[in-house]
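Enquirer: This is what each chain is made of:
2 protein chains.
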Amino acid sequence: MPPDAALECTQLTQTKTSSRDRQIAFLFDLDGTLVDSVYQHVLSWHEAMAGAGIALSIWRIHRRIGMSGGLFANALLREVDRPMSAELMQRLRDAHAAAFKRHAGSITPLPGARELLACLTEQRVPWAIATSGREETAAGLIAKLGVDPAKHPVVTRDQVRYAKPDPDLFETAAERLGVDILDSVVVGDSVWDLLAAKRAGALGVGLLSGGYGEDELVQAGAYRVYQDPADLLIHLDEVGVRRPA
Amino acid sequence: MPPDAALECTQLTQTKTSSRDRQIAFLFDLDGTLVDSVYQHVLSWHEAMAGAGIALSIWRIHRRIGMSGGLFANALLREVDRPMSAELMQRLRDAHAAAFKRHAGSITPLPGARELLACLTEQRVPWAIATSGREETAAGLIAKLGVDPAKHPVVTRDQVRYAKPDPDLFETAAERLGVDILDSVVVGDSVWDLLAAKRAGALGVGLLSGGYGEDELVQAGAYRVYQDPADLLIHLDEVGVRRPA
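Line by line, the protein sequences give chains A and B. Take the first sequence: its letter number 69 is residue 69 in our numbering, and every next letter is one higher. For our numbering, count along the second sequence from 1 and bump the result up by 245.
Among the hints, a few may not be true.
So the derived list for chain B, only partly shown, Cβ under 7 angstroms to chain A, looks like this [stated by the list, open to error]:
| hint | residue |
| --- | --- |
| 1 | 319 |
| 2 | 454 |
| 3 | 456 |
Worth flagging that the hints you see were computed from the coordinates, not collected in a lab. Glycine included, every Cβ here is placed at the ideal spot set by N, Cα and C.
Let the hints inform the model, and build the full structure from the sequences given.
Expert: Structure below.
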């Protein structure tokens, strides 16, 4: 973790005000991007599958975290030689939610996450959160971040037709903010975030804090890759954030 | 997971016998290479550190799994602003071992691991296991693999002065087999395995089954990268395995 001294928001105010009238906005993924919850999700899915007699290597689960449940089921279907019914998928989803609840106590915000969001708010840069997770699971993580959903849009899987890598979640988040998705920066830790960003026409920025390798994120379209929210905070100028006029 | 039909050892016997008198040998890492235990190690270290009031992001722990405990402690020291005494390190190690014991029930061999080892044995290709883990933790995993340490060398951290990425573990394993390390193939899932392989003069082969990205392993010196032991088994010809004369 970089020293906390580096996490001051004031650095941003060193940049001159700009005459541009297009307002940049940030659309954040949640798990692995703002909260340190990916590995708990991974083991919770692993437990859920083992409970249903499905043996899938843990790294393969890791690489699919953050994608829509429907696509996840299709991917499972391909990996394990077994029909994946709607009933089985629901059973797995319930077992995952129960296991994740057991792991939830160990989950904390990622370094710099609160500071980054506070800095953007202070600088009047609009931001929202868009997650492939369901409201049921996301609510507790949002609370850990200290985010008030009444002030900042939080779009969950329940609110859109298709989750990531479809662009719907990020498009809905931009709409809620009243900003153009083309002026938005999507920040995520998985290739599904970056693929969704590309399909939405947003600028994709990757974070290593979900456990993907840098090259995987770059290949998936990340314009820049930072270690975690703390690292992004001290490099906000690199993604074009200026102090609003 | 590839279909099991692909895991037949007989494919190997398609190759012609060779006149070379240098015997290739395989030196395997254990966690993430033969058994699906990396993510449980990661969360066990995370729990151990949280218990000691040390907050370290989980992906940073993941990227250090498999390196020696001493280097791990140094890396921790750099990440967290806190002196790392021998007492604290021992306390963390004990807490990790206790947490890992709780997770152990969910650990299974990786796909193809048993078949790969059985195939090498059948083809009279010598092989050994070399792990940065301690005997205490490794013994249970070795048993899950069905490996008899009386028949195949298992070198643990307790038996050498320096663990990975120092070459001692793999060098000792080659000595036990009576083979030249320069004729050996080191198979591992982490950059520490590949760095140790390079320092030992062995051929390094990476597996994705520990959760590292392919490029990370290639950059660390992997000659080839396969998904898991099952994938390596069907490509043994690519690493130069011929049927012994």
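Enquirer: Against each hint, give a clear statement of whether it holds in the structure.
Expert: Now the hints, each set against the structure:
Restraint check, residue 319/B versus chain A: the minimum CB separation of about 15 angstroms is more than 7 angstroms; hint violated. Satisfaction of the interface hint for residue 454/B is found here, the shortest Cβ-Cβ separation to chain A being roughly 5 angstroms, below the 7 angstroms cut-off. Given the 7 angstroms rule on beta carbons, the hint for residue 456/B holds: about 4 angstroms separates it from the nearest Cβ of chain A.
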